[in-house]
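Student: Single-letter residue listing:
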Amino acid sequence: MSLNKEQVKEIAQLAKLSINDSEIEQSTIELNNILSLMAELGKIDTDHVEPMAHPLEMSQRLREDVVSEADLSEEFQAIAPKTGKQHFLVPTVIE
Amino acid sequence: MHTLSVAELSKSLKNKEFSAVELTQHYLDRINRSDLNAFITVTDELALSQAREADAKLANGSGSVLTGIPFAQKDIFCTKGVKTSAGSKILDPFISPYDATLSHKLNIENMVMLGKTNMDEFAMGSSNENSFYGPVKNPWNKKMVPGGSSGGSAAAVAGRLSPFATGTDTGGSIRQPSSLCGITGIKPTYGRVSRYGMIAYASSLDQAGPMTQTAEDAALILNAIAGFDEKDSTSAPRDVPDYTKSLRDSIKSLKIGIPKEFFLEGLDSSVEKVITESMKEFEAMGAKLQEISLPNSTYAIPTYYIVAPCECSSNLSRLDGVRYGYRCKDPKDLNDLYLRSRSEGFGDEVKRRIMIGTYALSAGYYDAYYLKAQKVRHLISEDFKRAFKKVDIIMGPVSPTTAFELGAIKDPVSMYLADIYTLSANLAGLPGMSIPAGFSNNLPVGLQMIGNYWSEEVLLNAAHQFQTQTDWHSVLPENI
Numbered sequence: 001m002s003l004n005k006e007q008v009k010e011i012a013q014l015a016k017l018s019i020n021d022s023e024i025e026q027s028t029i030e031l032n033n034i035l036s037l038m039a040e041l042g043k044i045d046t047d048h049v050e051p052m053a054h055p056l057e058m059s060q061r062l063r064e065d066v067v068s069e070a071d072l073s074e075e076f077q078a079i080a081p082k083t084g085k086q087h088f089l090v091p092t093v094i095e
Numbered sequence: 001m002h003t004l005s006v007a008e009l010s011k012s013l014k015n016k017e018f019s020a021v022e023l024t025q026h027y028l029d030r031i032n033r034s035d036l037n038a039f040i041t042v043t044d045e046l047a048l049s050q051a052r053e054a055d056a057k058l059a060n061g062s063g064s065v066l067t068g069i070p071f072a073q074k075d076i077f078c079t080k081g082v083k084t085s086a087g088s089k090i091l092d093p094f095i096s097p098y099d100a101t102l103s104h105k106l107n108i109e110n111m112v113m114l115g116k117t118n119m120d121e122f123a124m125g126s127s128n129e130n131s132f133y134g135p136v137k138n139p140w141n142k143k144m145v146p147g148g149s150s151g152g153s154a155a156a157v158a159g160r161l162s163p164f165a166t167g168t169d170t171g172g173s174i175r176q177p178s179s180l181c182g183i184t185g186i187k188p189t190y191g192r193v194s195r196y197g198m199i200a201y202a203s204s205l206d207q208a209g210p211m212t213q214t215a216e217d218a219a220l221i222l223n224a225i226a227g228f229d230e231k232d233s234t235s236a237p238r239d240v241p242d243y244t245k246s247l248r249d250s251i252k253s254l255k256i257g258i259p260k261e262f263f264l265e266g267l268d269s270s271v272e273k274v275i276t277e278s279m280k281e282f283e284a285m286g287a288k289l290q291e292i293s294l295p296n297s298t299y300a301i302p303t304y305y306i307v308a309p310c311e312c313s314s315n316l317s318r319l320d321g322v323r324y325g326y327r328c329k330d331p332k333d334l335n336d337l338y339l340r341s342r343s344e345g346f347g348d349e350v351k352r353r354i355m356i357g358t359y360a361l362s363a364g365y366y367d368a369y370y371l372k373a374q375k376v377r378h379l380i381s382e383d384f385k386r387a388f389k390k391v392d393i394i395m396g397p398v399s400p401t402t403a404f405e406l407g408a409i410k411d412p413v414s415m416y417l418a419d420i421y422t423l424s425a426n427l428a429g430l431p432g433m434s435i436p437a438g439f440s441n442n443l444p445v446g447l448q449m450i451g452n453y454w455s456e457e458v459l460l461n462a463a464h465q466f467q468t469q470t471d472w473h474s475v476l477p478e479n480i
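Protein chains in written order, with our numbering: chain P, 1 to 95; chain S, 1 to 480.
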């Protein structure tokens, strides 16, 4: 499986990364090199192997649904790029 | 003072040979004179105020064995009120509003944080050349890389700019720089040390641990940082032993497995020689060596470079220029804000891994990549389970070569090969360690030890016994 430049642009869009025309050539080569490394795995028969979902095969621990976090909203607002009253500001989405 | 280990410093502080303030100032002076670029942020004032508090505790006898000991914190751990960048431009403006559990645990011991260490951006790299803040130099030879991703931490300890440092290991990021800089580093079992407030790269692989001068120091620090944490849903609810207690146990009849797959083509012959010599040392101490096989470990690289990028593409989606970190100038709309903040904020290797992960997880490719890799991961961990039925510990090289020159490896795939022996322990979730085992061309070589789940005591015991018989760990770079 090998990616072409159009596919690389599409992946960048999905990942919310912009990639300009001068970079696309190099990126396509590098990504294809990495993908060809992964082709190795095709050699292994994994038909009857379970995927490993957790390194310790532990299941997700549940807890009581109670508030455990302190209210740090002011501290988090203070480090945000742009804020309003109790919210983060972004460019207008809906006029 | 700077050639003393944590255990030695602890005694000196207790005996009032010098104060924590004097010790801290000594290290701060060393850091300020250093040209290794090991630190992103030096926290002079905070360190001195923490040292004064520590002195007060030591004076009234309420301090612990670690009170007043200075340390260097990898810049991946959130530290309240201090910049926490993860080596990235996108987090350059980020002053953490809270402490990671690990930071908190060191604070309650009244330890002294000297600063935050340089690292590969978001812990992605094996040479520390992927840092927004520039590469770190190896104290043994300043033309060489210190390894990565915890390169700043390793260089700081090897250059004696700090008695010890913290690190994180997702695919070898504690062990490989420890090996390349000639220090002792342990990656505990997955879930042993809390990941809360440790900036996530690949959540099913990430684990924190100490980077020290000796195994004894690693045991002292692990005592302080290990343990269950409510705030980390993958933290293991298990009791923590006193890791210093078993250090002096005899290793007579310890069964050591040597995986033949770790000695194939690609291993530098001078590194192999050092590893073979150190095995003989263990044999002389009464340990029993036997060859074992980990057949699927040869697939660790492709497996890791699917699993880790998939997890990172998901984890790093939170960095969008909206709530914290870098935001591009004058975004024209929301999409432009996302695109430019991320593209201007992330470095090349991080972008590559995000793209690989995004592709591997996209519709139609999930089974071929992610699911396949998770199945092979199972096979890799089964290999270890079989091996640990026969042996107590597995040993081999950490890295196929000693430190390489800055700028020497430009191709991403070639750089990935540096992790060939370390990745499988992360994929299986097992504890691993690197200890100084000798030199090749005046550069340090590390011996890797991999243990069964929760067997940090076995690793630390074997490492400590080796360090009572050898002095590789106390050899210093020139001009220290």
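Quick caveat, the hints were computed from the structure, so don't treat them as lab data.
Since this is a predicted model, take the numbers as computed values, not measurements.
Each residue gets a CB set at the ideal place from its N, CA and C atoms; glycine is no exception.
There's no promise every hint is true.
[Claimed, not checked] Here are some of the chain S residues that sit facing chain P, going by a computed Cβ distance under 8 Å: (1) Ile95; (2) Leu337; (3) Trp472; (4) Val475.
Student: Against each hint, give a clear statement of whether it holds in the structure.
Tutor: Each hint tested on the structure:
no. : hint   : result
1   : Ile95  : 6 Å, holds
2   : Leu337 : 6 Å, holds
3   : Trp472 : 31 Å, violated
4   : Val475 : 35 Å, violated
Checked against the numbered hints above, the structure violates hints 3 and 4; every other hint is satisfied.
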